[in-house]
Amino acid sequence: MKKTGSSIAHYFGVTMCNIKMALLTIVEYPSNILGWLISNPIQFILGFATIKFVVEQFGEINGWSYGQLAFLYGIAVISHALSMIFFVQGWFMGFYVIEGDFDRFLTRPLSVLYQFFFTNINVLGLTDLIPGILVFVYGCVKTDFSFTVTNVVGIIVMLIGATLIRGGIYILLGSTSFWTKSANDFGQFTQEIFDKTTMYPISMYPEAMQLILTFVIPIGWVSFYPASELLGIEHAFSIGGMEVWITLAVGIVTMLIAGLVFKIGMRRYESAGN
Amino acid sequence: MLNGRLDKYLYICKIRMIRSFTYKFEVYGNILMQSIIMITTAFFWKALFKNETFENGVTADSMMTYTVMSAALSVMFTTGVERRIQQSVEKGSIATDMMRPVNVFGIFLAEDIGNLIALIVQNLFPILLIGSLLIKVPVIVSLSAIPMFVGSLFLSMAINWLLAAIFGMWAFTAISMDALFQVKKHLIRLLSGSIIPIWFFPAWLSDILNLLPFVYIYQLPLDIYIGSATNDEICRRMLIQLVWVLVLATLYYLLSKKVLKKVMVQGG
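As given, the protein sequences belong to chains H and W, one line each in that order. So in the numbering used here, the last spot in the first sequence is 290, and the numbers never skip. So in the numbering used here, the last spot in the second sequence is 276, and the numbers never skip.
Since the hints were derived computationally from the structure, they do not count as laboratory data. There's no promise every hint is true.
Claimed, not checked - Far from chain W by the CB rule (all over 12 Å, computed), these chain H residues:
{"no.": "1", "residue": "54"}
{"no.": "2", "residue": "72"}
{"no.": "3", "residue": "75"}
{"no.": "4", "residue": "211"}
{"no.": "5", "residue": "269"}
What the hints assert, rightly or not - Partial chain H-side listing against chain W, Cβ under 8 Å, derived:
{"no.": "6", "residue": "62"}
{"no.": "7", "residue": "69"}
{"no.": "8", "residue": "101"}
{"no.": "9", "residue": "203"}
{"no.": "10", "residue": "207"}
{"no.": "11", "residue": "210"}
{"no.": "12", "residue": "276"}
{"no.": "13", "residue": "278"}
{"no.": "14", "residue": "281"}
Note that beta-carbon positions come from the ideal geometry of N, C-alpha and C, so glycine has one too.
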């Protein structure tokens, strides 16, 4: 018990160091940050404008008003940003496998997966947070969302769960590189799919697809179900106000499965020179 | 003489093609992912359109053709030139590239063409097949539209490649290119009609977009393909497309001269 306690403290200390180093890189390359500060908001502001135009053409989307869609979009972008900060490495796992970059981590007395994600905390992901929060606040105002204690706790729980789900899926996809031995970069595609399934209500899709997004690839829990609960919108799996907690549970389970797959994959890792 | 010069590029093109054919898993993965995106997009439009007809005569049905063809085109608009420039500048291999008895940008173009041929065989056909089986057989609106479609597609590819090359040339001056590439990627993604046709945008915005080069990458060939624009309109827009090709080609020519001179001054 004492051992786990001190090891958690150790991990915590290392994490703090890593966060400090990550923040220092901002100072090191200010022009780089500036570039991302322009490019990431562009992406989401254009994306949000697109939703506005779609709503203007077709009216409500499956009963979701413009304000409610903004709320959903905001949540999707914020959880995307958080997953970019902590788990974007998953997109590049293939390159680590091919180039033998895990060797460095294997020699250190810390979990490989932990090091993989936390030695390169991606502060640039913060630039995604800004448009996310802006659109979210806009959505809250439009829908007269009340910030009661339950709602605020709900939002935090949901965001943690959603980030874990995204991160877990990145790890799972990235881990395929252990078997295929190729440096697949699915980041672009993953984001494209996430965009279509987290920024719009999944209830607009055929039932079969909804079932897949609920039970097989749990993307529905990233934004749709918890946002429905918070906004009080009926959906096919209404279970009386537990959605945000289920999101957290789904996130933890996805992460555990991903961690397991990564561990099994790591056994097949051939190190550099192969 | 000319033949001998062309041979060198053909050789680069061939090597690149053979290299592209060797990465099997990457290909399967890409096809799978692109198919999922295509199918999701198709459901997305189906849900939005229901039985409505858009003001320019587009229905859910022609939107399905649009979706399949847009996925197919996105394969053809894959370019490696910007990454290639960035990497060779960062690693300094641009110096060896320049020592070869061929034009540096000629090498990059030949590589992209080689890659394109591989992509057409490995990715384009499977995606069209999957789209035809699961979504809709993407039939062109009329036979007479074929020459216009092919013509504008070639111009689209020229614009796409030139834009990529021009953006890539910034690598000679800027330190970090990643953010810049992202800007370009998102501009093309959202303003070219690849994801959402620009006729959904308000009139003032689509008027502005029609002056920019992006819509001439996806939107114009797709409009010709599904017949969502009148012949007069298409002719007018193809003319603007041609003007853009010329403008970008001139810009490309001037910039490539300038940046290569700069490399020589610095000694690689």
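Hinted contact residue 210 (chain H) with chain W - closest CB pair below 8 Å: 10 Å, violated
Status of the residue 278 (chain H) interface restraint (C-beta, 8 Å, chain W): Interface hint status for residue 278 (chain H): violated (18 Å vs cutoff 8 Å).
Restraint satisfaction for residue 207 (chain H) [CB to CB of chain W, less than 8 Å]: 10 Å, violated
Minimum Cβ distance from residue 75 (chain H) to chain W greater than 12 Å, as the annotation requires: 10 Å, violated
Restraint satisfaction for residue 203 (chain H) [CB to CB of chain W, less than 8 Å]: 10 Å, violated
Cut-off 8 Å, beta-carbon criterion: hint that residue 101 (chain H) touches chain W: With Cβ-Cβ at 16 Å, over 8 Å, it is violated.
Given hint residue 69 (chain H) near chain W, where the shortest CB pair must fall under 8 Å: Status holds, d = 5 Å.
Proposed interface contact between residue 281 (chain H) and chain W, which counts if any beta carbon pair is under 8 Å: With Cβ-Cβ at 14 Å, over 8 Å, it is violated.
Check on residue 269 (chain H) being off the interface with chain W, judged by Cβ distance over 12 Å: 22 Å, holds
Minimum Cβ distance from residue 54 (chain H) to chain W greater than 12 Å, as the annotation requires: The assertion about residue 54 (chain H) is violated, with a minimum of 7 Å to chain W.
Interface hint for residue 276 (chain H), Cβ within 8 Å of any Cβ on chain W: 22 Å, violated
Chain W versus residue 72 (chain H) - minimum CB to CB distance exceeding 12 Å, so not interface: Non-interface label on residue 72 (chain H) violated, nearest chain W Cβ at 8 Å vs cutoff 12 Å.
In summary, the numbered hints that this structure violates are 1, 2, 3, 4, 8, 9, 10, 11, 12, 13 and 14.
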